[in-house]
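Could you build the full structure based on these sequences and the hints that come with them?
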Amino acid sequence: MAGTSGLASGTNGVAQLALAAINNGTALAITSPLRVGFLSAVRTANNGTDTEWTTSGGYTALGSSSTGGVSGLTFAAATTDTTGAHQASNVAITVSNAPAQTWAGNVVHDSAATNKETWYAPLTGGSKTINSGDTVTISSGSFTSNLG
Amino acid sequence: MPEIRVPSQCGTCGQVDDHPKLHYNQLQFHHDCIPAFVMDDLTSETVYEHQDEAGWVMVDRIPLADEDLLPHTRQMLQVVKKCKAGARGEELLTFIRKLKNPQQED
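First to last, the sequence lines map onto chains A and B.
Following our numbering, the numbering of the first sequence begins with 1 at its first residue and continues without gaps.
Following our numbering, the numbering of the second sequence begins with 149 at its first residue and continues without gaps.
These are computed hints drawn from the structure, not numbers from a lab.
Incorrect hints may appear among the rest.
Said to hold, decoys possible - Dumping the calculated DSBU-like pairs for lysine-lysine here, alpha-carbon to alpha-carbon at most 35 Å:
{"no.": "1", "chain 1": "B", "residue 1": "K248", "chain 2": "A", "residue 2": "K116"}
{"no.": "2", "chain 1": "A", "residue 1": "K128", "chain 2": "B", "residue 2": "K229"}
{"no.": "3", "chain 1": "B", "residue 1": "K232", "chain 2": "A", "residue 2": "K116"}
{"no.": "4", "chain 1": "B", "residue 1": "K232", "chain 2": "A", "residue 2": "K128"}
{"no.": "5", "chain 1": "B", "residue 1": "K229", "chain 2": "B", "residue 2": "K246"}
{"no.": "6", "chain 1": "A", "residue 1": "K116", "chain 2": "A", "residue 2": "K128"}
{"no.": "7", "chain 1": "B", "residue 1": "K246", "chain 2": "A", "residue 2": "K116"}
{"no.": "8", "chain 1": "B", "residue 1": "K232", "chain 2": "B", "residue 2": "K248"}
{"no.": "9", "chain 1": "B", "residue 1": "K232", "chain 2": "B", "residue 2": "K246"}
{"no.": "10", "chain 1": "A", "residue 1": "K128", "chain 2": "B", "residue 2": "K246"}
{"no.": "11", "chain 1": "B", "residue 1": "K230", "chain 2": "B", "residue 2": "K248"}
{"no.": "12", "chain 1": "A", "residue 1": "K128", "chain 2": "B", "residue 2": "K248"}
{"no.": "13", "chain 1": "B", "residue 1": "K229", "chain 2": "B", "residue 2": "K248"}
{"no.": "14", "chain 1": "B", "residue 1": "K246", "chain 2": "B", "residue 2": "K230"}
Listed below in structure tokens is the structure:
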């Protein structure tokens, strides 16, 4: 379903940059580390906007530069099969001392001075309520990406 | 205004309460009830491959050294240790709230 998850094409999105790079345009540069933002509402259009958790407790909201979010998301090497190329995250991403929020989904940004927004997705299974002081974890392998 | 805390059920012991819990995707556990497979996932590097017949399959898991754990994960382990030492409910919450936000150290 278009707009429910994928490569972001909004302001600072990378979808348009990735297309240009593949089609022999400007190379796409991603600055590490990748940072994961936690969302209380996820966009319904690919170029739409999300509602992110506000800075509170152990969580710092993503800024427009290289600050905020939970840094350290990494991916295992890409593999291929008859359906295309695939790559999944290889570490669990955790927020300890989370603020009281609804956890609806996540977004990934890079750490460039003006950061780029890469992937966004809702929480599989639907939103859930988080109490303040809870620990929130996205399991390893949960960020899956596919091309082909 | 008093804080409103929503009760949830621990996936291991089955108790329903508003004590601090670890949310693992759609599951949640008291910090002293975290199953071994979840703890392994939190403290390891894993490799998932997409296979034609089976979809996403974990093909490797490598435990991370303490110094390679992400800051929030290290802090989560402090909470687990405190909970296993007997701190529950408000006492555990007070301990958690005194922890420094690891993102401020990024």
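| Can you list which hints this structure breaks, lowest number first? | 3
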